[in-house]
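Generate the whole structure from the sequences, applying the supplied hints.
Okay, here's what each chain looks like letter by letter:
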Amino acid sequence: MIQLEHVTKTYPKASRPSLDEVSVGIEKGEFVFFIGPSGSGKSTIIKLLLHEVTPNRGRVHVNGRDVTAMRSWKIPAFRRQIGCVFQDFRLLPNRTAYENVAFALEVIGKTKAVARRVVPEVLELVGLGGKEHRYPHELSGGEQQRVAVARAFVNRPLILLADEPTGNLDPDTSIEIMRLLDRINRTGTTVVMVTHDSNIVNQMRRRVIEIESGRIVRDQARGVYG
Amino acid sequence: MRLKYVMSEVMVGLWRNVTMTVAMIITMAVSLTMLGASGLIYAQVKDMKAYYYDKIEVAIFLKPEITDDQRSSLEGSLKSDPLVREVIYESKDEAFKKFQTMFSDVPAVVDAVKPGQLPESFRVGLKNPEQYQQVREAYVGKDGVDQIIDQRNLLEKIFNILGSVQTMALVAASVMAIAALLLVGNTIQVAAYSKRREVAVMKLVGASNWFIQAPFVLEAVVAGILGAIIGFGALALGKVLLLDGSLSELTDLLTPLSWSKVLVMLPLMALAGTLVSSITAWVTLRFYLRV
Ligand SMILES: Nc1ncnc2c1ncn2[C@@H]1O[C@H](COP(=O)(O)OP(=O)(O)O)[C@@H](O)[C@H]1O
Ligand SMILES: [Mg+2]
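Residue numbers (the numbering used here), protein chains in the order written: chain A, 1 to 226; chain B, 1 to 291.
Just so you know, these hints were derived from the structure itself, not from any lab.
Where is the CB? At the ideal position from N, CA and C, for every residue including glycine.
Some hints could be false.
[Unchecked claim] Cβ-Cβ distance ranges computed for the label pairs, FRET-style:
{"#": "1", "chain 1": "B", "residue 1": "Ser-194", "chain 2": "A", "residue 2": "Tyr-135", "range": "15 to 25 Å"}
{"#": "2", "chain 1": "B", "residue 1": "Ile-279", "chain 2": "A", "residue 2": "Ser-72", "range": "16 to 26 Å"}
{"#": "3", "chain 1": "A", "residue 1": "His-137", "chain 2": "B", "residue 2": "Asn-186", "range": "26 to 36 Å"}
{"#": "4", "chain 1": "B", "residue 1": "Ser-278", "chain 2": "A", "residue 2": "Pro-37", "range": "46 to 56 Å"}
{"#": "5", "chain 1": "A", "residue 1": "Asp-66", "chain 2": "B", "residue 2": "Ile-279", "range": "47 to 57 Å"}
{"#": "6", "chain 1": "B", "residue 1": "Gly-163", "chain 2": "A", "residue 2": "Asn-94", "range": "19 to 29 Å"}
{"#": "7", "chain 1": "B", "residue 1": "Ser-194", "chain 2": "A", "residue 2": "Ser-72", "range": "20 to 30 Å"}
{"#": "8", "chain 1": "A", "residue 1": "Ser-198", "chain 2": "B", "residue 2": "Ser-278", "range": "46 to 56 Å"}
{"#": "9", "chain 1": "B", "residue 1": "Leu-275", "chain 2": "A", "residue 2": "Lys-13", "range": "31 to 41 Å"}
{"#": "10", "chain 1": "B", "residue 1": "Val-240", "chain 2": "A", "residue 2": "Tyr-135", "range": "52 to 62 Å"}
Below, the structure is given as structure tokens:
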């Protein structure tokens, strides 16, 4: 499902590579944690998978497609198969929970009728039933992240990428978001999650890949933090 | 549904930054008015050339002391000249009558001239008015010939004036077009900045590039078209108030400017406005909305 082959990424003007000869494979339906200290290159992996940045060397395959060689006009269609969640939620502040999720559908050409059918369903799934018409500032951090997860999942993507989704949340709320991601993983969606949170990693007992200074130093099925 | 989304985005965008929108429309309108005016002058001059060059004649004025022999030999050589299309003799009496009708509303001028004071002449139509110089050289020193006057000279002066007016209009149009271009670029930047969150989300969820860019480009295009419509209004007003109004005495000399010619300018101006604004918007977006 996801394949990195000897990927090296050095940002322009950076003195050393952010990712150095990284090779890793992730199967369909897996749940994988990327852990490591700040600045080790975790977010860079997410960006590579989204084709937000391109590697200097090596190949990135996602969904059987070579992302490195992808023409730029094919990127939008490619991204529709990937859902994304970030630490800062990235919701539109002037739109309600419903509208935020519906926006993701409308801008890829789905009709309002489709949105009316699908959005309440997915908001129910993430546990926001009844709060559809709240604006982001009327929701708690955990609830905002649920909206973001709903938006990422509403297209039923094959892959869900999450870059420190619990980074801004308290421990209890973090566990709830984790349960949600776990549930999504059980529907068959491959989940790749970057995190700092040792509690979560230790509780979940899933595959753990540890990065340090742009290199993989540990890759362990059913691993723990540190 | 997608069209409705795009159109509502365009309207919201134009309204959000209404001062810039108005500035953009005004500069577009002025630039396009100038462009339209220079287009009209160009078409007009072309028409006038076609119209007048057929009617243009070379006037060969004869000396008062010319003899009948000299006159008839001159007429004979003119009539057999391959460059000449037609020759019309104008006697002193005919010249005086023409003069009287021409200045009928200025009696003082008519009174000052007596019959017989005006010279007789041959009015010569040329097959090709450009060959005036050859004709002149052939007849200038002949016995009984006083002066040779080419009406084309006069027209040429008018055309030169119109030509420089046209050039000035074109220069003004280009300068204003540059201002319009900068304004469009700036408006698009501001719009892209104010919608950066939406744009980031759209990219993330895989909205197509045209879908992301269309509202911005259309915003500029709508401004361009509105500018063209206002500019066209200004041209039409100019025709009514100036050409058909206060300047009508002057414009009687020229061939009349038809409404159909003015109307043709509308699509031309709209096209120019659309092209300038959409290309500028598109180029700006390439820098400010990197996908
Ligand atoms: N756009 C960028 N330009 C230059 N250097 C960058 C850029 N983004 C990240 N880096 C550098 O790359 C390294 C890895 O960054 P990142 O992948 O964000 O780490 P992490 O997510 O693990 O904290 C860091 O040293 C960071 O300074
Ligand atoms: Mg990071």
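Structure-based check of all given hints:
1. B/Ser-194 with A/Tyr-135: 15 to 25 Å: Since B/Ser-194 and A/Tyr-135 have Cβ atoms about 18 Å apart, the given range 15 to 25 Å holds.
2. B/Ile-279 with A/Ser-72: 16 to 26 Å: holds (20 Å)
3. A/His-137 with B/Asn-186: 26 to 36 Å: Hint holds: Cβ distance 31 Å, inside 26 to 36 Å.
4. B/Ser-278 with A/Pro-37: 46 to 56 Å: Once the Cβ atoms are compared, 49 Å apart, the range 46 to 56 Å for A/Pro-37 and B/Ser-278 holds.
5. A/Asp-66 with B/Ile-279: 47 to 57 Å: violated (34 Å)
6. B/Gly-163 with A/Asn-94: 19 to 29 Å: For B/Gly-163 and A/Asn-94 the Cβ distance comes to about 56 Å; the hint is violated.
7. B/Ser-194 with A/Ser-72: 20 to 30 Å: holds (25 Å)
8. A/Ser-198 with B/Ser-278: 46 to 56 Å: holds (54 Å)
9. B/Leu-275 with A/Lys-13: 31 to 41 Å: Roughly 38 Å apart at Cβ, these two residues keep to the hinted range, so it holds.
10. B/Val-240 with A/Tyr-135: 52 to 62 Å: Holds: the Cβ-Cβ distance is about 54 Å, inside 52 to 62 Å.
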